[in-house]
Structures are given as C-alpha cells and as structure tokens.
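Given chain A's structure and the hints, the job is docking chains B and C onto it.
So the protein lines, in turn, are chains A, B and C. In terms of the working numbering, the first sequence is numbered consecutively and its last residue is 222. In terms of the working numbering, the second sequence is numbered consecutively and its last residue is 115. In terms of the working numbering, the third sequence is numbered consecutively and its last residue is 66.
Some clues are possibly wrong.
The following label-pair restraints were derived from C-beta to C-beta distances [to be verified]:
| id | chain 1 | residue 1 | chain 2 | residue 2 | range |
| --- | --- | --- | --- | --- | --- |
| 1 | A | G115 | B | D73 | 29 to 35 Å |
| 2 | B | R64 | A | G82 | 41 to 47 Å |
| 3 | B | M90 | A | S164 | 18 to 24 Å |
| 4 | A | G82 | B | T82 | 47 to 53 Å |
| 5 | B | M58 | A | G89 | 37 to 43 Å |
| 6 | A | D185 | B | E92 | 49 to 55 Å |
| 7 | A | S128 | B | V47 | 24 to 30 Å |
| 8 | A | G89 | B | A15 | 44 to 50 Å |
| 9 | A | S25 | B | L54 | 38 to 44 Å |
| 10 | A | P180 | B | R78 | 20 to 26 Å |
| 11 | B | G19 | A | D67 | 36 to 42 Å |
Don't read these hints as lab results, they were simulated from the structure. Since this is a predicted model, take the numbers as computed values, not measurements. Think of the CB as a built atom: it goes at the ideal place given N, C-alpha and C, for glycine as much as any other residue.
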Amino acid sequence: MTLHLYAVAEHGVELPPVDGIDGASLRCVQVDDLDAIVSDVDGATSPTEAAVLTHAAVVDAVAAAADAVLPARFGSGFEQEGAVATEVGARRDELLRALERVRGCVELGVRALVGDVAAPEDTGATDSGRTYMLARLERVRAGERLCADLDSALAPVARAASSSVVGSEPLVVTGAYLVPRGDIDAFQERVDDLHRERPELTLICTGPWPPYSFATVDAARS
Amino acid sequence: MTRDDKVLRAAGDLARVAGELERIGTALPRRVDADPERVEKGLAQLVLTLVELLRQLMERQALRRMDEGTLTDDEIERLGETFMKLEQRMDELVKEFGLERSDLNLNLGPLGDLL
Amino acid sequence: MTAPSSTPALQQQVTLLELVDRVLNKGVVLTGDVTLSVAGVDLVYVGLRVLLTSVATLERLDRESR
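One chain only, chain A, in its complex shape (with noise of 0.2 Å):
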C-alpha cells in the first residue's frame, strides 16, 4: 500500500465528500500549519483515464471549499504518512509562500495555434544544415514572438503568467495565468480583444482549473 497524493493545502481544508482513486478514503496528513491530502492505493498509480479523472475531481473539489490549494502533480507515492510528512515539512516555507500567491485565484489556460509557415527554399546542398537551422531558430523566435504577444494581452489582468511553446510545425504556445475569481470576467474580455486584433490565431481558453502551473515551487521565484 503505498499514500497517493492529490494536493497541499492549509490546516483545517475542508475534506471533500468524494472518493478518491479506487473508491478509497480521503485522508489529511497534517504537517504543523499544512495538510496533505492523501488516499491509499496500491502499489504504483497507473496514469489511467479513470485515475487521472479521480485526482482531478478531488483536486477540484478541494479547491471549491478552499480560499488556497496547491495541486499535487499525479504519481507521488508515499510508502507511509512519515515520508509525507518529511517531504511537506522539508519544503514548508515554500508551499507556504506558493498558497499565499494563489489564494482566491484560480487558473485560466489560453492555448493559441498558428497555421505551418511555408518551409524556406532549399538554397542548396552545401547549404542544407544551415538552412535547417536557420528555419528552426527562425521557428523558435516565431514561438518566443507569439508567447510575448499573449503575454502582453493577457498578463496585466492576471497575477502570475506563464506561457511557453509547446509544439513547432504547426506553432503551438500555452499560456497559463493565475486571475483572481472576480476578474475571470475581465480576463475573458481581454481574450475577446486578443481574438479581434489576431484573427489568424486559433484561440482556446479554458478554464477556470485549480492552479496547477501555479503550484510549483520553482514557480513561486518568478
């Protein structure tokens, strides 16, 4: 039997009515001013439909009865309560620091796609690894290009932004952005100005998620 983590969050969370993976029991391991929401499974978790749909009901419901959750990413196994314990204590400042940036917001996601760019010409044999470089580095500024953009648009009605590329033929960038619940409504309207200013952008924003690409502690530095 091994402890399956969903999430971190403040002492006292309210537990949520609902199972977690296999039908077992949420439990919380407090760790001094944290709990740690914990289920037991066996052996390894498989990342099945099932399991991953199950973590992330549970992370949801976490989050809509709690001002600050950080969600737990699926696939950290404990062997007993102590090991959870002495991870979340080792890292307590820094969760502590990482609940506190996203309290009361949640996370809205904006991916944005833009249609193959014709390839250059081919100038010759001699010149082939150069030209494929230069078209790769030239798709790796479009990419940077296109992240700066939604970050601009986006940003200022967000508390925290982070936006990378995710995929080169064709240009794929995600953005992820912490926006406190009131302003869910503003942000919308911002994606609506992006959409009218880039028609040639695909454009999706979903949402809102518990703040998932906002719980890292390495995020907590930027």
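Relative to the frame of chain A, chains B and C by itself:
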C-alpha cells in the same frame, strides 16, 4: 464520470487544436499490455522517447548557441546536417518498431520538464 | 467568440486533454521520487537519476522473467 466542459472561448479550428494537443503529448500515456511482442514494443517506445528527448535537448542547446553567435558557420552547418540525419533516422526507427512519432510522447514526469 | 466548428463533443475532448495535461505535467512534485507505470514498466524517479533506476528495473524484470 461527468465532467464539466471547461472551454470558455474557442476561435478557429477547435478540431485542429484537439488533434495537435493529442499529437504533442497531452493525451494519456498509452498502455501496452504484457503480451511478449508488445512488451518489446513498449520498451522500444520508452527508449526512443528518451532518445528523442535527448535529441530535442541537444538541438535546443545548439540553437541557443547559434542565437548567441558562439558557433562558427562550419559548426552550424555540421550540426544542422547531424540533426536532420537524426530526425530522419528517428522516423526510420519509429517505423521499424511499428510506432508513430506521436507514440514518443510518453509522459516522462519530471524528466519531461527538461524541455 | 465560440466558433461554429466547435461542438459539445469536441469541447469535451479539449477539456479532457487540458485536464490530463495539468494533472500529469503540472502540479507540485514534493519529492524527486515519483513513480509512474508507463508501458507496463515502472519508472521510478530519484531526482534525475531516472535512467539508472529504470535500467535497473528492466534488468530485474528480465531476470525475474527467466
């Protein structure tokens, strides 16, 4: 399990976005069962995924140096040819194992964050 | 701003893809030890020593299957 629809806005070809998201690996890792022939395929999938990760890391590093101007023209040419050949070889290897390029989008957990 | 090409089924598909991406690729990782079972093989991450660990597991699986 019912699931709330989380799409708030959609402009353009949503089917295309969905297709691309699947292709670039946001889909669930494919399960390969324990049948002997498929175990080999599953291991090939794993190994090739790691090789592809390394290839992308190296290419990214090279592009960064090219952008910084710390590569000679000759180095750029040779690196470009090498990456093109690696790309081709990867296509061949993938086919040999009866896989598709999108099969190389196994979720690698924290290792995948290197990219 | 919702395009006519968007259908409930497609939106559900995108929702699922986005959800899976978040659950599997984002979220806090408290420890370097994350175990995922992929392609029937357990990948155990000990920091970034994943390659050594998974090769060791493969060798053990190979021995056990003989």
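Unsatisfied constraints (hint numbers, rising): Per hint list: single violation, 10.
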